[in-house]
Amino acid sequence: MFEILFESPKEAETICSIFRSICKENQMKINQDDPESIQLLSKKWDESVEQLIIRGIIHYIIEHKEQEVMLSIIQTHFYFEDHEEQQQILHIAQSIIEGDRSEIPQIQKFQHRETYLKEALQQFLRPNLSFSFHSFFTFRLQEYLKRLQRYVEVAIEEYKLEQEYQNFIQTLRDYITVTASKLDAVKIHHDEQFTIYNRAGIEMSENELKQYIDTSFIKKQPHMYIDCELLAPLVCISPKKIILYTDEPDAGMNQTIQNIFQERVQIFPKSQSLNN
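Using our numbering, read the sequence shown as starting at 1 and increasing by one per residue.
By construction, these hints were calculated from the structure, which means they are not laboratory data.
The structure displayed is predicted, hence computed values, not measured ones.
Built from N, CA and C at the ideal position, the CB exists for glycine as well.
Calculated cross-link-like contacts (lysine to aspartate or glutamate; reagent style DMTMM-like; alpha-carbon spacing at most 20 angstroms):
| # | residue 1 | residue 2 |
| --- | --- | --- |
| 1 | Lys118 | Asp46 |
| 2 | Lys29 | Glu11 |
| 3 | Lys241 | Glu208 |
| 4 | Lys160 | Glu85 |
| 5 | Lys10 | Glu68 |
| 6 | Lys65 | Glu114 |
| 7 | Lys240 | Asp184 |
| 8 | Lys220 | Asp174 |
| 9 | Lys219 | Glu164 |
| 10 | Lys182 | Glu229 |
| 11 | Lys160 | Glu81 |
| 12 | Lys182 | Glu203 |
| 13 | Lys240 | Glu263 |
| 14 | Lys241 | Asp184 |
| 15 | Lys118 | Glu98 |
| 16 | Lys118 | Glu66 |
| 17 | Lys10 | Glu63 |
Cβ-Cβ distance ranges computed for the label pairs, FRET-style:
| # | residue 1 | residue 2 | range |
| --- | --- | --- | --- |
| 18 | Gln75 | Glu162 | 12 to 22 angstroms |
| 19 | Lys220 | Lys146 | 35 to 45 angstroms |
| 20 | Gln166 | Asn31 | 47 to 57 angstroms |
Whenever a hint applies, use it, and build me the whole structure from the sequences.
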């Protein structure tokens, strides 16, 4: 018999339900004589461990424990007390885990966290074992817990960058709101690079664009975000309308232009550009 002890009836019942959902009756017998423990009986131990016990415990940890652990890390290790901030960081961490932010350099060599869980369980489980799930989770999953902490660290870095970016965007929005428009409209053609044209469709030279730049304002802005070829003159011109020709409206700079100028931006495919 294989037995797992839990800290609460609710925890025992949850994982018991998981085992029942993935187990066929002829594979394993599941008992719950005590509300805070479950007993598993199987004739084929190796098969049961791989297909049922490990699978069920991993499912329980990922679906029912992982968020709780990461939230605790956010609170106790990094001292984020605001609920909204905690949830935003947690959301970023989850998106990193799910592979939605694979462009982040720090995580490109991360093993999937299921690997750590599976290895720990394979090394620990054996027939006729009775163990505390809490003790196993606390002391046997150190590599997994370290990986979760690393996900949280990267999520916090991303959260801070996003906050900095949003503050930057808001600063530029405020600037164009109080700055008189120096041109009614400009047209931007985005191919591999960006080219700015005036309303008549005449390309604006680099020197012409630089004449519009408010250097005292631009020098105060983070150099990692603003450039003197496109964004700086565009913000300082503060046109009432921007017509953007692009086939990549979700590209980084295109998104930034839309975020700053909002309803002032009209987007069309390159095929409709002023060169046609």
